[in-house]
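The listed protein sequences derive, respectively, from chains A and B.
First residue of the first sequence: 1, per the working numbering; consecutive thereafter.
First residue of the second sequence: 10001, per the working numbering; consecutive thereafter.
Incorrect hints may appear among the rest.
[Said to hold, decoys possible] Computed cross-link-like contacts, SDA-like style, restricted to lysine to any residue with a CA-CA straight-line distance of at most 25 Å:
no. : chain 1 : residue 1 : chain 2 : residue 2
1   : A       : Lys708    : A       : Ala691
2   : B       : Lys10172  : B       : Arg10079
3   : A       : Lys224    : B       : Val10292
4   : B       : Lys10314  : A       : Asp333
5   : A       : Lys224    : B       : Gly10166
6   : A       : Lys224    : B       : Ala10203
7   : A       : Lys131    : A       : Asp121
8   : B       : Lys10277  : A       : Pro344
9   : B       : Lys10277  : A       : Ala535
10  : A       : Lys3      : B       : Arg10295
11  : A       : Lys224    : B       : Tyr10276
12  : A       : Lys110    : A       : Gly1085
13  : A       : Lys839    : A       : Glu686
14  : A       : Lys224    : B       : Lys10277
15  : A       : Lys3      : B       : Gly10313
16  : A       : Lys3      : B       : Lys10277
17  : A       : Lys745    : A       : Pro930
18  : B       : Lys10277  : B       : Asn10363
19  : A       : Lys745    : A       : Glu364
20  : A       : Lys110    : A       : Ile120
21  : A       : Lys1014   : A       : Arg1003
22  : A       : Lys3      : B       : Val10292
23  : B       : Lys10314  : A       : Ile335
24  : B       : Lys10314  : A       : Pro344
25  : A       : Lys3      : B       : Asn10363
26  : A       : Lys224    : B       : Asp10332
[Unchecked claim] Heads up, incomplete: computed chain B residues facing chain A, CB under 8 Å, no partners named:
no. : residue
27  : Gly10161
28  : Asp10291
29  : Val10292
30  : Pro10358
Calculated from the structure, these hints are not laboratory results.
Just so it is clear, CB atoms sit at the ideal spot from N, CA and C, and this is done for glycine as well.
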Amino acid sequence: MPKRDDIKHVLVIGSGPIVIGQACEFDYSGTQACRVLREEGLRVSLVNSNPATIMTDPEFADATYIEPITPDFVEKVIAAERPDAILATLGGQTALNTAVALHERGVLEKYNVELIGADIDAIQRGEDRQKFKDIVAQIGAETPRSRVCHSMDEVRDTVAELGLPVVIRPSFTMGGLGSGMAHTAAELERLASTGLTESPVTEVLIEESVLGWKEYELELMRDKHDNVVVICSIENIDPMGVHTGDSVTVAPAMTLTDREFQVMRNVGIDVLRAVGVDTGGCNIQFAINPANGRMVVIEMNPRVSRSSALASKATGFPIAKIAAKLAIGYTLDEIRNDITGETPASFEPTLDYVVVKVPRFAFEKFPGADPTLTTTMKSVGEAMSIGRNFVEALGKALRSMETKAVGFWTTPDPEGTTLDGLLEQLRAGHDGRLYTVERALRLGATVAQVHEASGIDPWFVDQIASLVDLRGELETAPVLDEQLLRRAKRSGLSDRQIAALRPELAGEDGVRSLRHRLGVRPVFKTVDTCAAEFAALTPYHYSAYELDPGAETEVLPQTEKPKVLILGSGPNRIGQGIEFDYSCVHAAMALRAAGYETVMVNCNPETVSTDYDTSDRLYFEPLTFEDVLEVVHSEQASGTVVGVIVQLGGQTPLGLAQRLADVGVPIVGTPPSAIHLAEDRGAFGEVLTSAGLPAPKFGTATSFAGAKRIADEIGYPVLVRPSYVLGGRGMEIVYDEQTLAGYIKRATEVSPEHPVLVDRFLDDAIEIDVDALCDGTEVYLGGVMEHIEEAGIHSGDSACALPPITLGRTDMEAVRRSTEAIAFGVGVLGLLNVQYALKDDVLYVLEANPRASRTVPFVSKATAAPLAKAAARIMLGATIAELRAEGMLPATGDGALLPPGAPVAVKEAVLPFHRFRTPEGQGVDSLLGPEMKSTGEVMGIDVSFGKAFAKSQTASYGSLPTSGRVFVSVANRDKRAMVFPVKRLADFGFEVLATSGTAEVLRRNGIPCTVVRKHFEGEDNIVDLIRDGGVEMVINTPYGNHGPRVDGYEIRTAAVSRDIPCITTIQGAAAAVHGIEALIRDDIGVRPLQALQAALLADWGTEA
Amino acid sequence: MSDTSTRTAAALVLEDGRVFRGEAFGATGTTFGEIVFCTAMTGYQETLTDPSYHRQIVVATAPQIGNTGWNDEDDESGRIWVSGYVVRDPARVPSNWRSTRSLDDALVGQGVVGISGIDTRSLTRHLRERGAMRAGVFSGGDLAEPEAMLQRVREIPAMAGAELAGEVSTDKSYVVPATGERRFRVAALDLGIKSNTPRMLAARGIETHVLPATSSLDDLLAVEADGVFLSNGPGDPATADHAVALTQGVLERRIPLFGICFGNQILGRALGLGTYKLRYGHRGINIPVIDVATRAVAITAQNHGFALEGEPGKDFDTPFGKATVSHYCPNDGCVEGVRALEVPAFSVQYHPEAAAGPHDAANLFDQFVTLMEERVRDNVLPSQVGRPGAGVPLNTEGGK
């Protein structure tokens, strides 16, 4: 049966910014979908507000709308494009919710657009908890006993029946937002009321506790002929009670007999059919009582999910790609399995390896947040690994995390660790729980004890116990012979772990030389969907150690084309996310087109880079020195490696550059010595001095005394931070000596090898971010971005505008001059990112990073110049002039010389504050600072700043209000600057609320306002007012570490929990006023990126 | 895995001279058989006790084996049939609420020699390229020089031409009662039947009379069955002349007949089709089968080294009227089912009883029931079975 011929044009809805629970897996799925639909000859329109995605690259759709994913904006896109169908099952919960809203508003009917994949009824059957429970009951399976509640009274009645503990699950939220487990009446009150608020339909499910049960997931696909296949089973090591996104998970399921598995498979298939997902993928979660095997269905997602991305990478079966084909009418047996090239997609992948996924957390970014893992997802990313057994995969996954600990025994045990303490700790889910398991076993706990405390299946506990036993052997063996070393490697131990047990081997390098001398090296196997039953065409590899010295490696020789290795960026974390993956993918595309064979190394299953279609070869491996070196060895053995690219994947590969170069690996682009020049403050200071560029006064210190001396000399406030970090980790603005002392005490734990930097903090400066290319003789300014928040807010958290909105010509010239001086001074070959602060007409250099930055995709889209592609070419020898000549870069000018008619693009950060609570259940502070906290970003692009800003706010936080009440409370130093924007708001008809001090100033300036009580002034204060929904927007600028900050904390967390805009800088307020004005005028339209870029290039005088 | 005290060296020696070194697993000693790989990720207990694996050394492609131990319910027959078991990473401790002992205990208890620590993927790739072949596992004191071991491997008989069904069949007939009210009686010829087959029949109100492979047509007819079932089983179907003749007798009498796996090859041969040995067979629980009539795909459990010749969807003439190749595997076009169009008989190459494996094909038992119902509806009672030509031509519609 061929594809449907009544669908010619499909609108794909993306998932918007990266947030906790919805990350770049939807870029992976959406990109695959767009690619497939276009290959099938369909017109593809796309809407997604996230500029860092590959899918929003203009070549992936016919019309790409970087617009907010709200029903209003998507309706505008539908009106402009008139698609035949909408595919909303590949854009996460955001896309699905938007589709439901469009249906409810009658938009789909009005424009006669069909929802393909899953229709409205199926979406509601899958997502509406009561309907879903009824369906499961109908097919004869069980769900946990429960009731749907719409009010606190109903909640209390239900709990009186079920008894505590209970699980609270709000309907229609993603990543388990707002859900949790209540053990006490107080917890119940708090969680259920939050849950009712978080649910767009004010609905929560109160459910019997299945805490501690075994947890499983199945990924299924169905075609229109009702053929169903199970792509993958996934087992959570953390039992029920920890969100699956926060659990360590394993594929395939490890502890099910065939009988149990087949019952689960049958129920999964029956559920899928009964819910009525017509075509495509879905994911179903199950819990099994370990004592008697009773199985209950927990939930299903009638769409592609994070787990489907994991399952696709784990099995080699591309779920999203196949789902897109099924949506337009193909059946599974008509679709070819890419990997074998011969067999059809109507089969179930079988694995001859074990896959482990470990979540990556960022609690260090949110002081006060409760790190206990619950049913609300808190992790910001994940790494996956593939090994030939569980322990090998686990070891690889743990060392992929980019945390201080890189596997067992790589950090000292915490002081005062006792067995009883560890067992107690194991009772609740926490980051690093498996480390706790290992410590407990090592201190003498039995498998049964650990199982009892943690609920982790004894099989998994015993696997870790096998590593404890192996550790004993490794420590006591008189010599490390080949056989023992092989067994250690086969159990997933890294050279570094072995070195920790055998001090006489002189560290990791010593273990490696011994290992190589004994010929103990990994072989590379292939992910082939079929356990080697059929030959695989796709070079998707992973390393494994075998006992057999003659074990075969499956990497085929390739000697015709020169090979380039691209090192990816590892798990997403705050400060290093999808933007770096974007650049790596672009390098692969550009170099492939230029005739190189591209080889990707990465361990993040969510990404486009780890799609086997992206590069010529894919190695799914940890990005540690040891693992990368073995990949390089494998590639050198099978052909000629002309270069390894380290500057596109963020700090992770950059950190490996020097060591790789030291052992002779050819690093292309900016050499490691130049990287050092930019990253070492002393060396960089000399570059600046010799170029005559000013920088804020600074010094480096290794002790409090040293830091104090520097701070006294340059004056408070000072910005303190450890060197060599990304995302402003551990960075703080310090106003006094006491705080400085406290900081130094903590900072030494952040990064012991590197000193602390103490900088003069430039109050009230404008921060400027520049992305540039340098080929050694010419510098191309990709884009000059002006931050909307002042310096001091991390650039990743600050909104910014491109082209800059307030910079004059002389400022731009200074930016160009300085950037060129730095690029040449450092010796950049490829990309460079520089941050400046402009204060009193002096352009200070804050820092320079000789690598791709977070803003590369944003700049590339806003200026129609693919910076990462150009950088990759430059690294392999192309010049900017050549790239201009071949049309990759504009023939003349650059991103600092945009034509006057260029659109304005605004980038806004998306912050995860509402995900976190203190252990007492209070919100965490949403105040911005020098340490990055955002998980993602959106882009608003339009003809004017106001419109673009309004779009950016709509895309990130819902929307700016156009009427109602605004609460204003600002620090004294901001009072003058506040008058004008607040006056405008009053003129627009907003009622202005203010605390007494601020009100006084406003009234004196002729702005009518209502005084409200401060938080500590008793009943009916501003915090109550916000919580009750009586305020539409908050402008609150705090200062210092003193009084107003505390009040501000309550105000800001209340605003965050109500999901209303909360503006914490005066510049942000001014921008918001621009945006509100644009919204009130209501003339904001939508335009595809292709049209915007074509117009820009035409203005620039080049061909599109 | 890391307990040195129990580590005993072992070797797997293939007929073509390749040797894989590993550690003893299960019983220590020597074993021989045809080496085949199975790609199932679950159900090793069912696999090991499946009589179709008689005289075969099975390689598990799934690396972690034994995790759920061994229980008292999942055996597919009275014993472990595989002649040897090759795995990569056996579990140190089993974990499952039904488990009563470890896999290792079960293997040792039944004297089954295994080997662990093997690069099973390299081995599978080797077998994929070179085909199933004879092999031996030698461990502990039985380890010898490679040449000596190889010579012993080359002395064992090949699978082609092996008649094994008689070796695995029951000696005496026995009855598995229907669950609830008895609706039909079926005579099942035991060529290596698995426990789950009578269980599936019983669930449909069928009383199953399991008969030895050596039973005569008269023995079969004496059961006065509403239908005849041909089970799975080991060996080369070209040697199964007795079963083929028996089947032809059943076809002549228009008694509804259903065959699976080896039974499919028997029915095919009875209808005049040839059989051949596949290079490395189909052994797994993820194998797609397309029903020619409906185009529906079933994911099936399979375990066969031989297959029927034939072209999917093509009708052919037989002594019993027209027949058709009703099912095939889209991976390689292999015949997966045949159906007689003028007598009530059909069979599939896969395992609808699915233990281990997915239950997609369970409806085939219902189709068998339908054949028997039609026969009853048309007043052809079991007592009339003896009269050739009774009954009416069948509806040719297959599928679900």
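How the hints compare with the structure:
1. With a C-alpha separation of about 29 Å, the suggested pairing of Lys708/A with Ala691/A is violated against the 25 Å cut-off.
2. Between Lys10172/B and Arg10079/B the CA atoms are separated by roughly 17 Å; this keeps the pair inside 25 Å, and the hint holds.
3. A threshold of 25 Å between alpha carbons decides the hint, and for Lys224/A with Val10292/B the separation of about 17 Å falls inside it, so the pair holds.
4. Of the pairs offered as hints, the one joining Lys10314/B and Asp333/A holds, with about 20 Å between alpha carbons and a cut-off of 25 Å not exceeded.
5. For the hint linking Lys224/A to Gly10166/B, the alpha-carbon distance of about 45 Å lies beyond 25 Å, and the restraint is violated.
6. Restraint check for Lys224/A and Ala10203/B: the C-alpha separation of about 31 Å exceeds 25 Å, so the hint is violated.
7. For the hint pairing Lys131/A with Asp121/A, the CA-to-CA distance comes to about 10 Å; that is within 25 Å, so the pair holds.
8. Using a Cα cut-off of 25 Å, the hinted pair Lys10277/B and Pro344/A holds, with the two alpha carbons roughly 23 Å apart.
9. As the CA atoms of Lys10277/B and Ala535/A are separated by approximately 20 Å, the hinted pair is consistent with the 25 Å bound.
10. This hinted pair checks out: Lys3/A and Arg10295/B have alpha carbons roughly 16 Å apart, not beyond 25 Å.
11. For the suggested pair Lys224/A and Tyr10276/B, the alpha carbons sit about 36 Å apart, so the restraint of at most 25 Å is broken.
12. For the hint linking Lys110/A to Gly1085/A, the alpha-carbon distance of about 19 Å falls within 25 Å, and the restraint holds.
13. The suggested pairing of Lys839/A with Glu686/A holds, with an alpha-carbon distance near 22 Å, which does not exceed 25 Å.
14. For a cut-off of 25 Å, the pair hint linking Lys224/A to Lys10277/B is broken: about 36 Å separates their Cα positions.
15. At most 25 Å may separate the alpha-carbon atoms for a hinted pair to count; Lys3/A and Gly10313/B meet this at roughly 23 Å.
16. Our distance criterion of 25 Å between C-alpha atoms is broken by Lys3/A and Lys10277/B, whose separation comes to about 38 Å.
17. Straight-line distance between C-alpha atoms of Lys745/A and Pro930/A comes to about 18 Å, which keeps the hinted pair within the 25 Å bound.
18. Proximity of Lys10277/B to Asn10363/B is assessed by CA-CA distance (about 28 Å); at most 25 Å being required, the pair is judged violated.
19. This hinted pair checks out: Lys745/A and Glu364/A have alpha carbons roughly 16 Å apart, not beyond 25 Å.
20. With a CA separation close to 16 Å, the supplied pair Lys110/A and Ile120/A stays within the 25 Å bound.
21. A threshold of 25 Å between alpha carbons decides the hint, and for Lys1014/A with Arg1003/A the separation of about 18 Å falls inside it, so the pair holds.
22. The hinted pair formed by Lys3/A and Val10292/B meets the criterion: a straight-line CA distance of about 20 Å does not exceed 25 Å.
23. The suggested pairing of Lys10314/B with Ile335/A holds, with an alpha-carbon distance near 24 Å, which does not exceed 25 Å.
24. Distance restraint check for Lys10314/B and Pro344/A: the Cα-Cα separation of roughly 21 Å lies within the 25 Å cut-off, and the hinted pair is therefore satisfied.
25. A threshold of 25 Å between alpha carbons decides the hint, and for Lys3/A with Asn10363/B the separation of about 29 Å lies outside it, so the pair is violated.
26. A hinted pair counts as satisfied when its Cα atoms are at most 25 Å apart, and Lys224/A with Asp10332/B qualifies at roughly 24 Å.
27. Interface hint at Gly10161/B: violated, since its Cβ lies 26 Å from the closest Cβ of chain A, which is beyond the 8 Å cut-off.
28. A distance limit of 8 Å between C-beta atoms decides the matter here; for Asp10291/B the minimum to chain A is near 11 Å, and the interface restraint is violated.
29. With a cut of 8 Å, the hint placing Val10292/B at the interface with chain A is violated, because the nearest CB-to-CB distance is about 12 Å.
30. Interface hint at Pro10358/B: satisfied, since its Cβ lies 6 Å from the closest Cβ of chain A, which is below the 8 Å cut-off.
In this structure, the earlier hints numbered 1, 5, 6, 11, 14, 16, 18, 25, 27, 28, 29 are contradicted, and the remaining ones agree with it.
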